[in-house]
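From just these sequences and the hints, can you work out the full model?
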Amino acid sequence: MTRHLDVRPGAYHDSVTLMQVSRTVNDEPGVNAALVAMATELNLDLLAGMGFHAPESAGPNDLLVALDAADDDALSRAQARVDAALTERARPAAVSSGNGPAAHTIGTAARNASGTPPTVAFVSTPGTSAFVDAVDALDHELPVIVFSDNVPLEQEIRLKQLASQRDLLVMGPDCGTAVIGGVGFGFANVVRPGPVGLVAASGTGAQHVMSLVDAAGVGISHCLGVGGRDLSDAVGGISTITALDMLAADDTTEVIAVVSKPPDPEVAKRVRAHADALGKPVLFALMGEDQPDLTMAARSVVEAAGAEWTEPGSWTPSAPETGTGGYLRGLFAGGTLCDEAMVIASSALGPIRSNIPLRPEWAIDGDLHTGRLDGHAMIDFGDDELTRGRPHPMIDGSLRAERMVVEAADPACGVILLDVILGHAAHPDPASELAPAIIDARNRARADGRQLDVVVSLTGTSDDPQDLNGQGSRLAEAGASVYLSNAAAARAAVELAGGQP
Amino acid sequence: MSTLHDLISTEPSVVTAGVELFDDALAAQAVATHRVEWRPPLDGTDEDLARVMGDERRAAANARAIERMLAASAELVDVRPAREVLGLQPGEFLHAGPPLSWYRASGPMRGALIGAMLFEGLADTPDDAEAKLAAGDGIALQPCHDRGGVGPMAGLVSPSMWMFELRDETHGQTSWCTLNEGLGKVLRYGAYAPEVIDRLRWMGEVLGPVLQTAVRQRGSIDIKGIISQMVQMGDEGHNRNRAGTLMFLRELMPDLIDSGAPSSRVSEVARFIGGNDHFFLNLVMPAGKLQSAAASGIAGSSVVTVMARNGTDFGIQVSGTGGQWFTGPANTPDGLFLGSFGPDDANPDIGDSTICETMGIGGFAMASAPAIVRFVGGTVPDALYTSQLMYEITLGENPAYAYPILEFRGAPTGIDVTRVVRTGILPQINTGMAGKVAGTGQVGAGLVKPPVECFTSALSALAAQSPLPS
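Protein chains in written order, with full-length UniProt numbering: chain A, 1 to 501; chain B, 1 to 470.
Calculated from the structure, these hints are not laboratory results. In this text, a Cβ means the ideal position worked out from N, Cα and C, and glycines have one as well. Mixed in with the good hints, there may be bad ones.
[Claimed, not checked] Beta-carbon label-pair distances, calculated as ranges: (1) Arg111(A) to Gly323(B): 26 to 34 Å; (2) Ser228(B) to Thr116(A): 30 to 38 Å; (3) Glu169(B) to His274(A): 48 to 56 Å; (4) Asn112(A) to Gly323(B): 29 to 37 Å; (5) Leu183(B) to Tyr12(A): 15 to 23 Å.
[To be verified] Footprint (simulated), chain A over chain B, 3 or more residues, beta carbon under 8 Å: (6) 7-19; (7) 25-32; (8) 38-47; (9) 53-64; (10) 417-426.
[Unchecked claim] To list a few chain A residues with every Cβ distance to chain B over 12 Å, as calculated: (11) Pro9; (12) Ala11; (13) Glu56; (14) Asp73; (15) Ser76; (16) Leu86; (17) Glu254; (18) His274; (19) Lys280; (20) Pro281; (21) Asn355; (22) Ile356; (23) Ile364; (24) Glu385; (25) Asp410; (26) Glu433.
Set out below in structure tokens:
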């Protein structure tokens with residue numbers, strides 16, 4: 001054991017610096033104890049406690065360096081550490097006040113927001129947390145768009161009750177799209193401004209109606225999504241009523257349309273009564289069996305806005321269609337579009353098997369990625385089961401491209417029906433993924449001595465960032481018949497499959 | 001409808017939380033976005049969080065809690081022995097933190113109890129005291145907080161100890177704290193050597209009575225006012241109370257001189273106060289207790305009203321659950337050590353002084369106390385960051401305690417259990433460290449955080465109390 005004490009007169013350092021130096025030196029291997037401190041009375045006591053005796057003359061302006069080390073080596077390393085640490089301390093550290101921490105919650109972001117004060121919150125956190133984050137938005141007097149799905153029904157109800165108590169709006173949960181003052185939220189098409197205000201309980205349904213209305217030259221004031229369950233008995237249309245009131249009070253909105261699956265009858269009665277008193281025309285575009293399709297709904301909206309309806313466009317495929325029959329297989333990104341196609345197809349072709357079946361007995365069980373389908377079938381690749389841990393098919397087309405390979409290999413498959421949805425947040429160039437997949441599928445089928453027809457339902461506007469016309473042309477060049485109307489696409493596909501639409 | 005009217009009549013400005021793609025898509029449309037650095041909440045808390053966030057009483061209850069906290073005043077009105085203030089009887093001891101038994105007590109807590117037994121004449125030797133405490137006959141232990149007061153470190157209070165008595169006239173509440181003994185070998189750090197007991201005697205015979213005369217002569221002293229000033233003078237009120245102590249002494253000096261006590265006594269008192277940079281801590285703490293107690297017991301409120309440690313457990317109380325304690329094992333601070341003491345010598349976190357952080361100063365005010373930063377083992381940028389981070393878990397800002405370096409932003413006030421659980425950000429505490437062996441005293445100072453389970457279990461209790469939606 002080796003010990004060392006030196007007293008450095010007048011070498012003043014503040015006590016904090018010295019405690020840090022002591023700690024550094026104490027961390028040196030082989031050092032049993034170290035005291036680097038000014039010779040104050042307290043420290044002289046501590047020094048005595050370590051078994052050292054300081055010279056009488058040592059006072060508070062003198063630096064004590066007391067080291068107790070295992071051997072000479074350790075002692076000299078410790079001394080070097082003391083000197084190095086003291087020198088380093090003498091250099092001023094670079095100090096920056098730094099930027100404040102990033103906001104971890106909506107509440108903090110709302111409180112700290114510099115510049116334009118927030119007017120709305122957009123929540124796309126996991127469904128288990130979305131309620132909490134949305135309540136935080138309401139707490140800070142922000143209306144909130146909840147894109148997240150898998151939010152429990154009772155939480156949706158609570159959320160909407162809280163919002164309604166505070167004169168706020170909850171859009172969603174599972175609100176895929178919204179347009180507010182020309183700004184698209186979630187998956188949103190670029191639509192021209194205009195007189196039509198939408199209240200939408202369906203994301204892709206609303207996107208499709210807006211795109212068709214836009215194509216007819218009629219603009220959109222706002223599209224307020226309310227979530228697919230808003231018009232159910234349990235939720236009671238809380239957000240729909242609020243959204244209707246907002247659009248009624250909005251000067252730019254002249255015609256209002258509610259896009260939804262058929263509501264609960266009692267809720268429908270209340271909503272219609274409320275709508276009747278708004279002083280503006282309110283159309284109900286309701287989807288389902290025995291209901292007008294989305295294209296017909298879009299037409300009613302356009303005509304209610306006083307404009308002339310023009311039939312949605314289409315692109316003819318580079319190679320002629322064969323219509324040789326075979327089963328129809330729909331591979332969808334949009335649930336509502338899949339629904340609509342199934343309604344149209346089932347009326348002509350009979351049962352359509354699906355992971356989101358129109359009737360429970362038409363459900364598919366089994367592997368939707370590679371399993372062989374039975375009969376006519378349509379898969380919604382945007383369904384929760386298939387998006388878990390994977391990007392949405394509107395963002396990433398690879399799942400559907402893989403499925404096309406499987407269909408190409410199935411001798412029973414004669415027609416593939418795909419939807420392609422453009423707009424903000426969607427894939428920047430879906431044709432770049434899907435056109436090669438279409439060519440490949442048709443080539444594979446041809447190699448097996450079959451003809452495979454491909455029909456595409458293309459939802460988008462001429463102002464969408466992906467270039468609507470370019471996408472349509474490239475998909476058609478790849479061999480697909482491309483329709484801007486989902487209903488028209490579905491009918492064409494049914495016809496190619498040998499049905500009478 | 002005005003917010004909703006604004007929504008569709010003005011250009012959107014959007015707070016986004018979740019998938020980045022959607023924030024990017026908004027930015028691509030030249031929309032102003034405020035992006036949240038979202039992280040999942042603490043494990044297994046989703047259901048409780050939803051229950052508590054969905055409790056329609058919460059927003060109003062929390063607003064009321066913050067309003068009461070900010071409105072609380074704190075005036076020193078008297079200095080009296082604990083037996084007078086609380087009716088404390090021989091054998092009754094109050095201690096820091098949540099409830100504790102002798103058997104679970106840590107070294108410094110046992111040391112302080114032994115010292116208090118000796119001081120009260122209930123034992124002749126430390127061994128005798130220890131035996132009697134272990135036997136437990138005629139001994140009663142109770143948390144200071146359960147009696148409306150606070151004590152630093154071990155927080156030991158026995159009937160003969162003198163206390164500051166503070167009033168919040170706004171809410172008609174009283175709180176108290178013992179007189180600070182100074183640094184080094186002191187009872188609150190678990191030391192009980194004869195010098196420790198002698199000092200306590202002097203405090204009872206000289207310091208207490210002289211202060212009593214001076215304070216009574218003066219009427220009252222605005223402690224909240226001094227805290228307001230000290231946090232702008234480099235004190236954070238927990239580990240640095242230098243400016244506060246001097247201002248207090250300045251306030252009291254004329255009345256000390258006029259107290260009628262012999263000048264030798266007055267100078268002893270003045271020298272003792274002036275020589276103890278922590279003297280004012282024991283006035284900050286009851287001021288903090290008055291502030292947080294004003295927010296206690298509001299049904300549905302998720303605001304933390306107590307954070308306290310007894311050297312074994314860390315405990316918190318929450319407004320909506322009143323006096324119920326939620327505890328977890330206390331962590332050991334990380335920091336710097338005195339002399340040759342090291343991490344192995346440190347006891348787990350101890351003391352009611354975390355009332356400072358509960359009120360929005362202490363570790364929360366590090367940005368405003370750069371002089372203290374290195375003492376607890378940090379850097380100035382860390383301190384700036386930490387103080388700003390604390391706004392994430394608090395609901396209000398206290399303009400009475402404004403931090404110049406943060407553009408005079410008010411202290412982050414009213415820790416919200418839901419925000420702690422949602423963000424996983426724990427309150428930052430800076431603290432003294434007691435030696436873990438009874439009788440050692442202080443070994444260092446450093447930074448520490450509460451155990452997470454205090455907050456998750458408090459959240460569960462709030463969830464259980466939350467009325468089911470109709």
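Comparing the hints with the structure gives:
1. At about 31 Å, the beta-carbon gap between Arg111(A) and Gly323(B) stays in the expected band of 26 to 34 Å.
2. The hinted window of 30 to 38 Å between Ser228(B) and Thr116(A) holds, with their beta carbons roughly 34 Å apart.
3. For Glu169(B) and His274(A), the Cβ-Cβ distance of about 53 Å falls inside the hinted range of 48 to 56 Å, so the restraint holds.
4. About 34 Å separates the C-beta atoms of Asn112(A) and Gly323(B), a value consistent with the hinted range of 29 to 37 Å.
5. In this structure the supplied range 15 to 23 Å holds for Leu183(B) paired with Tyr12(A), their Cβ-Cβ distance being about 21 Å.
6. With 13 residues having a beta carbon nearer than 8 Å to a beta carbon of chain A, the segment 7-19 of chain B meets the requirement of three or more and the stated coverage holds.
7. Remark: the segment 25-32 of chain B is confirmed as covered by chain A, as 6 of its residues place a Cβ nearer than 8 Å to a Cβ of that chain, reaching the required three.
8. With 5 residues having a Cβ less than 8 Å from any Cβ of chain A, the segment 38-47 of chain B passes the three-residue criterion, so the hint holds.
9. Against chain A, the segment 53-64 of chain B contributes 4 residues with a C-beta closer than 8 Å to a partner C-beta. That satisfies the three-residue criterion, and the hint holds.
10. Counting residues of the segment 417-426 of chain B whose beta carbon lies closer than 8 Å to any beta carbon of chain A gives 5, which reaches the threshold of three, so the coverage claim holds.
11. No Cβ of chain B comes within 12 Å of the Cβ of Pro9(A); the nearest lies about 21 Å off, and the non-interface call holds.
12. The beta carbon of Ala11(A) is kept farther than 12 Å from every beta carbon of chain B, the shortest such distance being approximately 18 Å.
13. No Cβ of chain B comes within 12 Å of the Cβ of Glu56(A); the nearest lies about 20 Å off, and the non-interface call holds.
14. Interface exclusion of Asp73(A) from chain B stands, the closest Cβ pair being 20 Å apart, more than 12 Å.
15. For Ser76(A), the non-interface assignment is confirmed: its Cβ lies about 19 Å from the closest Cβ of chain B, beyond the 12 Å cut-off.
16. For Leu86(A), the non-interface assignment is confirmed: its Cβ lies about 14 Å from the closest Cβ of chain B, beyond the 12 Å cut-off.
17. No beta-carbon of chain B is positioned within 12 Å of the beta-carbon of Glu254(A); the least distance is around 14 Å.
18. At roughly 15 Å, the least C-beta separation between His274(A) and chain B is larger than 12 Å, which holds for a residue marked as non-interface.
19. No Cβ of chain B approaches the Cβ of Lys280(A) within 12 Å, the least distance being about 14 Å, so the stated non-interface status holds.
20. No Cβ of chain B approaches the Cβ of Pro281(A) within 12 Å, the least distance being about 18 Å, so the stated non-interface status holds.
21. In this structure Asn355(A) is separated from chain B by more than 12 Å, as the shortest Cβ-Cβ distance comes to about 23 Å.
22. Chain B leaves Ile356(A) outside its interface by the beta-carbon criterion, the shortest separation being 23 Å against a cut-off of 12 Å.
23. Non-interface call for Ile364(A) relative to chain B: holds, since the shortest CB-CB distance, roughly 28 Å, exceeds 12 Å.
24. Distance check on Glu385(A): its Cβ is at least 19 Å (rounded) from any Cβ of chain B, clearing the 12 Å threshold; non-interface status holds.
25. With a least beta-carbon separation of about 34 Å from chain B, Asp410(A) lies farther than 12 Å from that chain, consistent with its non-interface assignment.
26. For Glu433(A), the condition that its CB be more than 12 Å from all CB atoms of chain B holds, with the nearest at approximately 17 Å.
In summary, this structure violates none of the numbered hints.
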